[in-house]
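**Q** All chains, please: the whole structure from these sequences, using the hints.
In this text, residue positions in the sequence shown follow the numbering used here: the first is 155, and each later residue adds one.
Hints are computed from structural coordinates only; laboratory data are not their basis. For clarity, every value in this text was computed on a predicted model and none was experimentally measured. Yeah, the Cβ is synthetic: ideal placement off N, Cα and C, and Gly gets one too. Some clues are possibly wrong.
In silico DSSO-like links for lysine-lysine, alpha-carbon gap of 27 Å or less [to be verified]:
1. K230 - K184
2. K166 - K244
3. K236 - K289
4. K226 - K274
5. K230 - K189
6. K242 - K231
7. K285 - K273
8. K171 - K231
9. K273 - K288
10. K283 - K244
11. K244 - K285
12. K273 - K236
13. K283 - K171
14. K242 - K285
15. K283 - K226
16. K230 - K166
17. K231 - K273
18. K238 - K226
19. K274 - K236
20. K161 - K230
21. K283 - K297
22. K184 - K161
23. K283 - K273
24. K283 - K238
Okay, the calculated beta carbon distance ranges per label pair [unchecked claim]:
25. E198 - K274: 47 to 57 Å
26. K231 - E198: 19 to 29 Å
27. M173 - S248: 22 to 32 Å
28. I205 - G225: 20 to 30 Å
29. E201 - R179: 16 to 26 Å
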Amino acid sequence: MNKESGKSYTVKEATLKLMQYCAYRDRSQKEVEDKLLEMRMIPEAREQIIIQLMQEDFLNEERFARSFVRGKFRIKKWGRQKIKQELKSKEISSPIIRLAMTEIPESDYRSTLYLLAEKKLTLLSEPDKFKLRKKLSDYLLRKGYEATLVHGISDELVS
Numbered sequence: 155m156n157k158e159s160g161k162s163y164t165v166k167e168a169t170l171k172l173m174q175y176c177a178y179r180d181r182s183q184k185e186v187e188d189k190l191l192e193m194r195m196i197p198e199a200r201e202q203i204i205i206q207l208m209q210e211d212f213l214n215e216e217r218f219a220r221s222f223v224r225g226k227f228r229i230k231k232w233g234r235q236k237i238k239q240e241l242k243s244k245e246i247s248s249p250i251i252r253l254a255m256t257e258i259p260e261s262d263y264r265s266t267l268y269l270l271a272e273k274k275l276t277l278l279s280e281p282d283k284f285k286l287r288k289k290l291s292d293y294l295l296r297k298g299y300e301a302t303l304v305h306g307i308s309d310e311l312v313s
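**A** Take a look at the structure:
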């Protein structure tokens, strides 16, 4: 039974509903499993539905991971560290994460980091250079960029 409406789903109804859910945007297997749990489907039905979604290419972990990486980098300007953590939280395997990370070209990564740092610097009003460098570094680290890159750019821009 569905908790919102009290509705029970047949395997066929649940499969169709999940096909729409996956067609709207790429989903991870964990998101689909959570949705099936929400729909209160029994384990055998959940397994059957997930297998069918994979066979019909509605559910594809690699495609999901690649799309996720592209989106979070291009739209939210997240760094590799934060993207990896998010993918791990969605239970994506390490080999797929490594493969998906190839979606970020190194040159784009560095130029995005640089532009982000420059933009943040214009917003920070801090006369003390040490504190300014710390604020900039903290911001970039929270965005998920690697410490070595962050400190290099912070030192370069705040000198």
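**Q** If a hint holds in the structure, say so; if it doesn't, say that too.
**A** Results of checking the hints against the structure:
no.	hint	verdict
1	K230 - K184	22 Å, holds
2	K166 - K244	26 Å, holds
3	K236 - K289	18 Å, holds
4	K226 - K274	19 Å, holds
5	K230 - K189	25 Å, holds
6	K242 - K231	18 Å, holds
7	K285 - K273	17 Å, holds
8	K171 - K231	32 Å, violated
9	K273 - K288	15 Å, holds
10	K283 - K244	39 Å, violated
11	K244 - K285	36 Å, violated
12	K273 - K236	20 Å, holds
13	K283 - K171	55 Å, violated
14	K242 - K285	33 Å, violated
15	K283 - K226	31 Å, violated
16	K230 - K166	37 Å, violated
17	K231 - K273	12 Å, holds
18	K238 - K226	11 Å, holds
19	K274 - K236	18 Å, holds
20	K161 - K230	37 Å, violated
21	K283 - K297	21 Å, holds
22	K184 - K161	23 Å, holds
23	K283 - K273	17 Å, holds
24	K283 - K238	31 Å, violated
25	E198 - K274: 47 to 57 Å	51 Å, holds
26	K231 - E198: 19 to 29 Å	43 Å, violated
27	M173 - S248: 22 to 32 Å	28 Å, holds
28	I205 - G225: 20 to 30 Å	27 Å, holds
29	E201 - R179: 16 to 26 Å	23 Å, holds
Hints 8, 10, 11, 13, 14, 15, 16, 20, 24 and 26 from the list above are not met by this structure, while the remaining hints are.
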